[in-house]
Amino acid sequence: MTTLVVLWSRIRALFARERLDADFGAELDAHLDMLADEHVRRGLTPDAARRAARLALGGSMQLVEAHRDRRGLPIVETTVQDVRYAVRALRRHPVYTSVVVLTLAVGVGAATAMFTVVRAVLLRPLPYGQPAQLVEITETNPLKGWTHTVSAPANFLDWRARNDVFTDLAGYFGVDDRGASTLQRFVEIDGEPAPLSGVAVTGNLFDVLGVRPLLGRTFTWDETFDGSDRVLVLAYGTWQRLFGGDPNVIGRTIPLSGRTKTVVGVMPPGFFFPNATAQFWAPLGLSPADFANTRRAHYLAAIARLKPGVSLPQARDRMTRIASDLEREHPDTNTQMGVRIEPLRDIMAAHARASVLMLSAAVAVLFLIVCANVAGLQLGRASTRLREIAVRRALGAGRGRLVRQLLAEAVVLSIAGSTLGLAIAAAAPALILRAAPSALPLFATPTVDVPVLLFAAALAIAAPIVFGLAPAWSSSGVERLAERVDSGSRRTSRARDLLVALEVMLSVVLVVASTLLIRSLIRLQRVDPGFRPEHAVAFKVTLPSLRFPQGADRVRAFGDIERRLRELPGVEAVGASSTIVLRGYAWTGDATIEGRAADDYERELRHESVTPGYFAAAGIRLVAGRMLTEHDGATSNVMLVNESLAAAYFRGADPIGKRIMFGRPTADSPTIARAAADPWMTVVGVVADAKQDGMDKPVRPEVYVPYAANVQNPATFVVRSSADPDPMLAAARRIVRAAGRDFLVGDETTLDGVVSASLGGERFRTSLLTAFAGVAVFLAALGIYGVLAYFVSQRSRELGIRLALGAKPRELFAMVVRQGMRPVVAGGLVGLAAAVALTRLMASLLFGVSALDPVSYAATIGALALTALGSAALPARRATRVDPMTALREE
Amino acid sequence: MGDARSEILQGTLDMMVLQTLEAMGPLHGYGIARRIEQVSEDALQLNQGTIYASLVRLQQRRWITASWGTSDNNRRAKFYAITRAGRKQLAAETENWQRIAGVIGRLLRLSER
Numbered sequence: 001m002t003t004l005v006v007l008w009s010r011i012r013a014l015f016a017r018e019r020l021d022a023d024f025g026a027e028l029d030a031h032l033d034m035l036a037d038e039h040v041r042r043g044l045t046p047d048a049a050r051r052a053a054r055l056a057l058g059g060s061m062q063l064v065e066a067h068r069d070r071r072g073l074p075i076v077e078t079t080v081q082d083v084r085y086a087v088r089a090l091r092r093h094p095v096y097t098s099v100v101v102l103t104l105a106v107g108v109g110a111a112t113a114m115f116t117v118v119r120a121v122l123l124r125p126l127p128y129g130q131p132a133q134l135v136e137i138t139e140t141n142p143l144k145g146w147t148h149t150v151s152a153p154a155n156f157l158d159w160r161a162r163n164d165v166f167t168d169l170a171g172y173f174g175v176d177d178r179g180a181s182t183l184q185r186f187v188e189i190d191g192e193p194a195p196l197s198g199v200a201v202t203g204n205l206f207d208v209l210g211v212r213p214l215l216g217r218t219f220t221w222d223e224t225f226d227g228s229d230r231v232l233v234l235a236y237g238t239w240q241r242l243f244g245g246d247p248n249v250i251g252r253t254i255p256l257s258g259r260t261k262t263v264v265g266v267m268p269p270g271f272f273f274p275n276a277t278a279q280f281w282a283p284l285g286l287s288p289a290d291f292a293n294t295r296r297a298h299y300l301a302a303i304a305r306l307k308p309g310v311s312l313p314q315a316r317d318r319m320t321r322i323a324s325d326l327e328r329e330h331p332d333t334n335t336q337m338g339v340r341i342e343p344l345r346d347i348m349a350a351h352a353r354a355s356v357l358m359l360s361a362a363v364a365v366l367f368l369i370v371c372a373n374v375a376g377l378q379l380g381r382a383s384t385r386l387r388e389i390a391v392r393r394a395l396g397a398g399r400g401r402l403v404r405q406l407l408a409e410a411v412v413l414s415i416a417g418s419t420l421g422l423a424i425a426a427a428a429p430a431l432i433l434r435a436a437p438s439a440l441p442l443f444a445t446p447t448v449d450v451p452v453l454l455f456a457a458a459l460a461i462a463a464p465i466v467f468g469l470a471p472a473w474s475s476s477g478v479e480r481l482a483e484r485v486d487s488g489s490r491r492t493s494r495a496r497d498l499l500v501a502l503e504v505m506l507s508v509v510l511v512v513a514s515t516l517l518i519r520s521l522i523r524l525q526r527v528d529p530g531f532r533p534e535h536a537v538a539f540k541v542t543l544p545s546l547r548f549p550q551g552a553d554r555v556r557a558f559g560d561i562e563r564r565l566r567e568l569p570g571v572e573a574v575g576a577s578s579t580i581v582l583r584g585y586a587w588t589g590d591a592t593i594e595g596r597a598a599d600d601y602e603r604e605l606r607h608e609s610v611t612p613g614y615f616a617a618a619g620i621r622l623v624a625g626r627m628l629t630e631h632d633g634a635t636s637n638v639m640l641v642n643e644s645l646a647a648a649y650f651r652g653a654d655p656i657g658k659r660i661m662f663g664r665p666t667a668d669s670p671t672i673a674r675a676a677a678d679p680w681m682t683v684v685g686v687v688a689d690a691k692q693d694g695m696d697k698p699v700r701p702e703v704y705v706p707y708a709a710n711v712q713n714p715a716t717f718v719v720r721s722s723a724d725p726d727p728m729l730a731a732a733r734r735i736v737r738a739a740g741r742d743f744l745v746g747d748e749t750t751l752d753g754v755v756s757a758s759l760g761g762e763r764f765r766t767s768l769l770t771a772f773a774g775v776a777v778f779l780a781a782l783g784i785y786g787v788l789a790y791f792v793s794q795r796s797r798e799l800g801i802r803l804a805l806g807a808k809p810r811e812l813f814a815m816v817v818r819q820g821m822r823p824v825v826a827g828g829l830v831g832l833a834a835a836v837a838l839t840r841l842m843a844s845l846l847f848g849v850s851a852l853d854p855v856s857y858a859a860t861i862g863a864l865a866l867t868a869l870g871s872a873a874l875p876a877r878r879a880t881r882v883d884p885m886t887a888l889r890e891e
Numbered sequence: 001m002g003d004a005r006s007e008i009l010q011g012t013l014d015m016m017v018l019q020t021l022e023a024m025g026p027l028h029g030y031g032i033a034r035r036i037e038q039v040s041e042d043a044l045q046l047n048q049g050t051i052y053a054s055l056v057r058l059q060q061r062r063w064i065t066a067s068w069g070t071s072d073n074n075r076r077a078k079f080y081a082i083t084r085a086g087r088k089q090l091a092a093e094t095e096n097w098q099r100i101a102g103v104i105g106r107l108l109r110l111s112e113r
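Chains as they are written, first to last, in the numbering used here: chain D, 1 to 891; chain E, 1 to 113.
Please keep in mind that the hints were generated in silico from the structure rather than gathered at the bench.
If you're wondering where the values come from, they're calculated on a predicted model, not measured in any experiment.
For glycine and all other residues, C-beta sits at the position ideal for the given N, C-alpha and C.
Please note that the accuracy of each hint is not assured.
What the hints assert, rightly or not - Coverage of chain E stretches by chain D, computed from C-beta distances (three or more under 8 Å per stretch; other residues unrestricted): (1) 18 to 27; (2) 59 to 70.
Claimed, not checked - One side only, chain D facing chain E, incomplete, derived with CB under 7 Å: (3) Val6; (4) Glu27; (5) Ala56; (6) Gly58.
What the hints assert, rightly or not - A short list of chain E residues far from chain D (calculated; beta carbon distances all over 12 Å): (7) Thr12; (8) Met15; (9) Val39; (10) Leu44; (11) Leu55; (12) Arg87; (13) Thr94; (14) Glu95; (15) Asn96; (16) Trp97; (17) Ala101; (18) Gly102; (19) Ile104; (20) Gly105; (21) Arg109; (22) Leu110.
Turn these sequences into a full structure, and let the hints steer you where they fit.
Structure representation (structure tokens):
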């Protein structure tokens, strides 16, 4: 209690310094007067009395100091003094100060911005109960080339019934490989249809996730099924948008694509599953029989919650045994079907993980360079202040006090730099999202929150310790400064050389890494996608399934749209497809090839339904045979295959005229609804391989069937035209809207945009790393320049004498450059070795370029050598221009 | 060693200041210093300046208060007065001091024997 009272009074004293000082001064004066009076009474002269009084009382300065120390908090006071002094000193050197502050701002800004991404992608816990217990379950099958395929509903039910390692399993449907929702519905708002994307789920999904709704309830397991599925849970944003946040929304009905659904629940803000694009959740709506019997088609994504105390390996072990039981029981569908179980968090972040880790490492390296650079600048400044320091030392400043003074400057610089850096970082999330919307997982939105602020604060604290201690350490020479100012400066320049070597070394690593990524990206962009991305737009059209229940109706509706699009001015070709190039997802089916043993080939075949114009519109070449025509309809039993299929399945034999069948006579697969009595389809043509999963992925065997043979809704239209994309898409939207007020248009893009989006992750990491490397090289150049400029200014006298004695400017130039290149060469060599060791770690991010790619290394060496020489040339030229007379007078 | 004047322990000076204020009523720094010197009959080595450190300490603990006033010979001076908390503290300290002094005295007498 007393301690607090004392502390409080000390803190108060900090703010009343002047008044208290004056008060105490007056008190001391009074004391002196009274003491002097006493001495006068004893018979001294007034002067002698005053002197005696002073002696008796002690030095008044010391008394005042002691009084201050006792009264206030001396640490705070000297710190305030240090900081005030530092600010004043820094203000006198605006160029130095702004260079340091800007450098630090770049370092802290880049690191903090990166941290927002790391936190969003890898660290922030998922907004579910006990998220660490959640896993994703997928199926694997070496026969089909599956490494992680969504489950067959019947398998899912068996897992759920037989396992004893999970509290429960839940399934969902309607999300593509990149996590974007593919389940498009619409609602009417003020008579206008508005698209909503959602996810179809099993009734227990929210229970497995361990989340409670904000309002109402979530689903029950029984609501999963057809008949009791007319219920809906809304995302918080959807509730706000459609109902203005009306708290009485529960029980209200909305027509979702013409089907009346009752809102039973609203999820809290911040909840997402599987990502932020899901605006509603609806039950799967399968019939129990369908659910239990569909073992061939795979479309149900599965998650599960581990029972408390059950480890991942235990769960894998148990589930593998269940999978082999199923394999025995259902050899027809489950041969070699395995399971893969991974933590949900890892799966959700999987495609960005390697990039984010690589970039984090790069940003850490950049931060080190920033610190080294600022340390170098500080050293340079410290060495110009040797005299000042020596004087203060001579006047009795303790070593600790001097180091504290230097650190105070570092802290002031760091706070200014970090604040500016934080401002940069705060703008970063929006920039990142705009520049590379597809680079980050859809659930991960980088934001500046409390942990991010703490991170920036930690950097602000760490930075001055790293860069501020270097000069302090070097001023251990301060001890001897009074005698030998020179030894201190020599020591300082050795330290600066070391720092430059460090900067060069780290820059080499970054430049090699970024060159490798740039070359990968160039290779990727040069990959022939198998279609012509330029001058083509694409968009998805979803028909209301209630109004168009029959396949034939849908074909007619799509055909109408296609015909009207073709009449637009400038249009060269129009076509539609059930999927689109480079989208990373596909319909697949179990295929049989005539005349081949069933276990002789990969059975799972990709199939796409296309209209005849599709190939011309997308720019996919015909290689052999003929294209599809308007006469190839639902019953013509023809198909095209891609080159990969021809090569893999027919091994050089002419594929034209061969026959392929989807499923078997007893097929339970719903993916191909065949109207024809004869299931066999004849190959009439071979088309070029068009990329499906990514520019860096091999093309898989695929067949194209006439749209009418396997009608899919939605369809993606591709329009090739000489018109600009935006007016073209606007015109297309008008046409679709005219064809049906409730037709939904979505995913509007250009084929160039599709390619670009598929390279989004690559472009994102490449441009960021290149920016980091650029900053690193710039800082290294600044470091080299700083050291040499200092070298030249220190040696100007020597240089002047040499010139006076007849040295050629060329020789002096060479001397300075040589001086500058020493740390560069040393650092560069170590850097190359480090690059060889480190870039191997990023092999998974490279395409068509080896981590030891000689071109990248040569380019790095060349670029850095040029930069280093360039930054050495300026001070070297100054060396040749030293005026001997001025130089001699300077000392 | 032969010097008969003793250094003052920090806490003891505080106690003496409190006792002085308790006995004499409000007093300025000079008066307190003089009074302690007189009472101790110069047996204590007191640097008058150190009195002020003690006064700050006591003020911070709210055991004394200070206010400006006029001295006997018409000089403006800062007067210190003991507070109720100060009296309580003084009583506790005095009791404590006497107990310890008693113990130490007994101990010293014991070892003499």
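Enumerated hints in conflict with the structure, sorted upward: 1 and 11
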